[in-house]
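Q: If you want the building blocks of each chain, they are given just below.
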Amino acid sequence: MTFAIRTTGLTKRYDGVAAVDGLDLEVERGALYGFLGPNGAGKTTTIRMALGLIHATSGAVEVLGERVTTDRGPLERVGALVEEPAFYRYLSGRRNLEYLARAGGRGEDTRRRLARIDGCLAQVGLTEAADKRVKAYSQGMRQRLGIGLALLGEPELLMLDEPTNGLDPTGMREMRELLRGLADGGTTVFVSSHLLAEVEAMCDRVGVMAQGRIVAEGPPGTLRGAADRVRIEVDDVTAARAVVERTPGVSILSASGEGAGVLQVLLAGDATPGALNEALVAAGIRVNALVPERDTLEDVFLHLVEGIDVPR
Amino acid sequence: MFRVEIGKALRRWRTWLLAAALAGVPVLIVIAVKASPPRPQAAEDAPPFLLQIVRNGMFAPLTGLAVVQPFFMSLAIGLFAGDAIAGEAQSGTLRYLLVRPVRRVRLLGAKYLASMALTGALLVGVILAGLLAGGVAFGFGPLPTLSGTTLSTSEALVRVIGSGAYILVAASGITAVGLFISTLTDSGPGAIVATVIVAIASQVIDQIPNLHVLHPYVPTHGWLGFTGLFRFPVDWSGMRAGLTVSAAYTVAFIVLAAWNFRRRDVTS
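Protein chains in written order, with my numbering: chain A, 1 to 312; chain B, 1 to 268.
Treat the hints as calculated values from the structure; they're not laboratory data. Every clue listed holds true.
Away from chain B, derived, C-beta distances all over 10 angstroms, residues of chain A: (1) G9; (2) D118; (3) Y137; (4) R173; (5) G181; (6) T238; (7) G249; (8) E258; (9) G284.
What the simulated footprint calls covered on chain A by chain B, stretch by stretch (three residues with Cβ under 8 angstroms from a Cβ of chain B suffice, anywhere in the stretch; the number is not a length): (10) 45 to 56; (11) 66 to 72; (12) 76 to 89; (13) 96 to 105.
Partial list, derived from the structure: chain B residues whose beta carbon lies under 8 angstroms from chain A: (14) M1; (15) V4; (16) G7; (17) T93; (18) R95; (19) L97; (20) D265.
The beta-carbon is built from N, C-alpha and C at its ideal position, and this holds for glycine as well.
From just these sequences and the hints, can you work out the full model?
A: Right, dumping it as structure tokens:
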């Protein structure tokens, strides 16, 4: 099967410092993929390489099965928003789309794009403002015009870098619905974001990037489950510690008290609260309470990205 | 792509402002000369064409071209060629053009041709405004050459148009230099200013006698060669030198611009 986006060992170094570091990423067709990471994680650099705007130091990136280089650029079936949208401020929204539809295309392809302009403007709710100069647009309107531009070529793949930037809560919801609708219609949507809630609310799959690498990948649910916390109340903290330390996949986050007290542990991999309970009881420790404290994605994110745990 | 570029330029105020400024030059000259005709004793230090305007309106477009060329045309080339890539990079639109996708070399080619076409259009504006103003104020007649012979009115018109054409072709080298500068930076104004400075510095060097060894190598060398069209017989040497230099600069700097633009990361 061909992937919508596939990178192999993709690396970009600036003055010897890796912004993207041997990235292996596979995005299946038809998915709404959330590309999550803090600012500076390398998300935009990855997107720019996938669009042929910057050279990869090493490794390769394929988009819709075709290798992307700076000489060729992406296919016409790729729509993109890279960082903030940018337009000719002295032209109206409609004229901007018209010029970009005409730029560099062949006859047939250009005519098809031109014919889609009104539809795309309507899709992003800019029909009424279409003939105003972009200079007079609000940030949210520019953002929506940027999405409209990305939709112009009936893309099979949309690569959107922080598409909800500058949108108010209503705008964000509309954007999520629009992207969800496109994904349901078969378009692959690849969205980068530093906002967890947003990605969690709309994506089928999430890749978390930090320091140039993917540190976690999967559906938002399993990602969250991958690092569950459990709060255990026991009658002998010291003995319980010893048991926990012997159990694979479990690490201690905090422990309080000498005799009766509370342990907070992190479960990873195959470890389950039930197995942990069994091990404790087998060691003769009385377990008064065992409370799963389900992590929010935000905790997972901070844990993965910064290697720190969130104090509770 | 070329048509897109022209369309964009025609929707910018600054293009029209520049066109108005350039076309205004021959008109202003005609008005000034009409208002206070030069006295014969001033003849010695006035430029050769200027004095002739009173006798023949055909000199107005010619004087216009000669006055516009050193600064206003350099400015136009800065705005068209210098701003070509850098301006798109600064506004961020460059990445959307490339993602469209437009191939980088194709974009450069379209920008170069658009810049030349727009400069040409400005020069046509200067000639038309000059003919109109000069014709209305002084009428046309046979044109005396710098060698003392005369040209018929129609022959004179051909030479005036030929001057405009030569000025445009001779500007191709600086246009290529401007395009190369444009690939070096993400600052539109920076590239515009740098291009204008190169054009003017080159003309200054070309004027300083002590630097005569450099003269044949500066990109604006031979810019004034079109005056050879108004000698009898026509003096081609200046134009030949100008065309050689501009052809060399055009080839060299388009190659440099393409090389630099292709290897560059677009991070704007």
